[in-house]
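Read top to bottom, the protein sequences are chains W and S.
Residues in the first sequence are numbered consecutively from 1, following my numbering.
Residues in the second sequence are numbered consecutively from 1, following my numbering.
Hints in this document: simulated from the structure, not taken from any laboratory.
Watch out, some of these pointers could steer you wrong.
Pairs count within a copy or across copies, as identical chains cannot be separated in the list.
With a straight-line Cα cutoff of 25 Å, these simulated DMTMM-like cross-link-like pairs (lysine to aspartate or glutamate) come out [what the hints assert, rightly or not]:
hint: 1; residue 1: Lys106; residue 2: Asp296
hint: 2; residue 1: Lys195; residue 2: Asp309
hint: 3; residue 1: Lys340; residue 2: Glu313
hint: 4; residue 1: Lys75; residue 2: Asp332
hint: 5; residue 1: Lys280; residue 2: Asp309
hint: 6; residue 1: Lys75; residue 2: Asp142
This one's a predicted model, so the numbers in the text were calculated from it and none came from an experiment.
What follows is the residue order along each chain.
Protein chains: 2
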Amino acid sequence: MVIFVLTKNKTTMVNHVKLKQYITTLFERMGCSTTDAESVAELLVAAELRGIPSHGVMRVKDYYQMVAANRINTKPTVKVVHETPSTATVDGDNALGPIVGKFSMKLAIEKAKVAGTGWVATRNSNHYGIAGYYSMMALEHDMIGISMTNANPLVVPTFSTSKFLGTNPIAIAIPTEKHPPFVADFATAPIARGKLALMAKKGQKAPIGLVQDENGHPTNDPDTLVHGGGILTLGGDVEHGGHKGYCLTSIVDIFSSVLGGANFGPFVPPQVPYLPIPDKKVGDGLGHFFGAIRIDAFRPAKEFKLIMDKWIETFRNASSIEGQPNVMIPGDPERKNEEKFSKEGISIIPQVLTDLNEVAQKLGVEPLNQ
Amino acid sequence: MVIFVLTKNKTTMVNHVKLKQYITTLFERMGCSTTDAESVAELLVAAELRGIPSHGVMRVKDYYQMVAANRINTKPTVKVVHETPSTATVDGDNALGPIVGKFSMKLAIEKAKVAGTGWVATRNSNHYGIAGYYSMMALEHDMIGISMTNANPLVVPTFSTSKFLGTNPIAIAIPTEKHPPFVADFATAPIARGKLALMAKKGQKAPIGLVQDENGHPTNDPDTLVHGGGILTLGGDVEHGGHKGYCLTSIVDIFSSVLGGANFGPFVPPQVPYLPIPDKKVGDGLGHFFGAIRIDAFRPAKEFKLIMDKWIETFRNASSIEGQPNVMIPGDPERKNEEKFSKEGISIIPQVLTDLNEVAQKLGVEPLNQ
């Protein structure tokens, strides 16, 4: 098996197992235990495999700089601070998000084994990578998995110019019998900052209905965030149901913060080293919320999974529109990416490779492409 | 207190307490027990009070005709068919939805008292009125309430012309200390059939991004549902995040149907007597899903509610956009309606009054406006 090959398109292709080992080494050198470093590497590589590089290894530099600035704790004691048969509150001790996320989701699954469902509200955490990873941890236990997080404020409530909400993703994974599982993993805002930045780089305009300018007026400027504008909620304006998106994003914010004691909305601490920590805090760190629902707490798992297969077959056979793709089942695109990138390797663009190797050098680790 | 007054605008103003008594009598005459009839009346009048007349007393005629056609059971034995400490599955015995809904939500609350959270999947039910009512039942117990339901298919999955999903609402009610509670109650589609019908009646066009024609192309025809078109998911097309709305509506469908054993998506039985029951069934009746989360299963309730007050104050003070309303907190508009209509009475339009009195006559009850 070839491990690292420099190929076409100026990107570096890296085998995902080796990439995970390499990232693990970097986080060990930052002071993490092997288990913790593996959790972080696991989440970053999972994002790459599933085709979400914005939550992949490009985050290593941010994480490293946050650690170097003592804004993230690499020797955490993540602990349960409150619990009932079906719930727990977890304090992440300001650890790297993936460590706290895996701890919390495992706990939700353990609770569900006994009480039918398990729900964990987590505070004092940081950026936890792709929401979908945690929800999918439930699948092998014949459970539905749920994961959500708040995030840095970029999104405006309906009728406002105040960026008070994050793009706050929700992920829900549902087990099936013979088909691949249903895995919905989506930001509750219509577009992410990264995609807007890419449009700007390409000289494209943003479609109307995604963002507004500093006065709250519709704009097609993909750079509007830089000029005081904001991302609209899912739906866009009120005429198109944007107030429903505002409800949804707010719910993710409240479940992820107020329930467990993390900072809400505008007070979520930045996850990049070049932005200062807000003066005011209303909780501890960034927050998440996790759920695990044992299928057989409602009906026999096999019966449920066979009906989920029918659901999937029904929707896969929905009539398609001429010139458009066939109907997809949530999770299809990410699964196809995972199959492809597991075989072909993960492509790392030059800028990310340079960043990674800079971090490696500071930590006394050999560069990735040698 | 004046009870029934015929006033301006050709509408009949009715005191809500008396309206509830009147509706209770109608459902008693249909064969319901007094308690069951009161549950139905409670839900229909709550919808009127909160300014959602599409789920109010205009449904009496549909409900009556469904009962008269033996498509709804007025002597049900609603029962728990499976349970764990934090979950239950309820069979509604094909009762009127509000009876099944109140039974299920009460059970979720009882479960939460013991296990921290309570979750109920309900099958074999019918149209249950406003989702928000059930979620608000949790508030007095210092719990978060959750309620969702599937509904008749009018909504198309992304890339499809097949109307396979309902407008599937979600309601989440969150307790507060001094401010009114946060109550989000929203259909997961950007527009309801009723609003489209109203646009058509007024000769208005629908904004682009809400509906599509029979070929799956964008249209502004508010009558498109009649011509084979469909309602888009929240977000609209893929460029505007409509696939995220598809995920959301699908999740509500699966939680409301596959978990408890009700019919999913295209197989949800119609809730009006003039549409036939589908040939194929994949479960029993229409389904709902309910949740109750005890706040002090995560942190002291008082502490949580004080932070929720802060959340609300923060968002109420968000900068507003010139010429637009101030930022609202989910639940504001419905609460204002409730305050107003509790005092001023509920206005019933002539067509609904005629329908009500026709039903009353058939049941041997005096008409409403005498």
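Checked hints:
1. Lys106 - Asp296: both (18 Å within a copy, 21 Å between copies)
2. Lys195 - Asp309: neither (33 Å within a copy, 34 Å between copies)
3. Lys340 - Glu313: Within. Shortest intra-copy distance 23 Å satisfies the 25 Å Cα cut-off; inter-copy 48 Å does not.
4. Lys75 - Asp332: neither (37 Å within a copy, 45 Å between copies)
5. Lys280 - Asp309: Classified as between: cross-chain Cα gap 16 Å, same-chain 49 Å, threshold 25 Å.
6. Lys75 - Asp142: neither (33 Å within a copy, 36 Å between copies)
Consistency with the previously given hints fails for numbers 2, 4, 6, ordered from lowest to highest.
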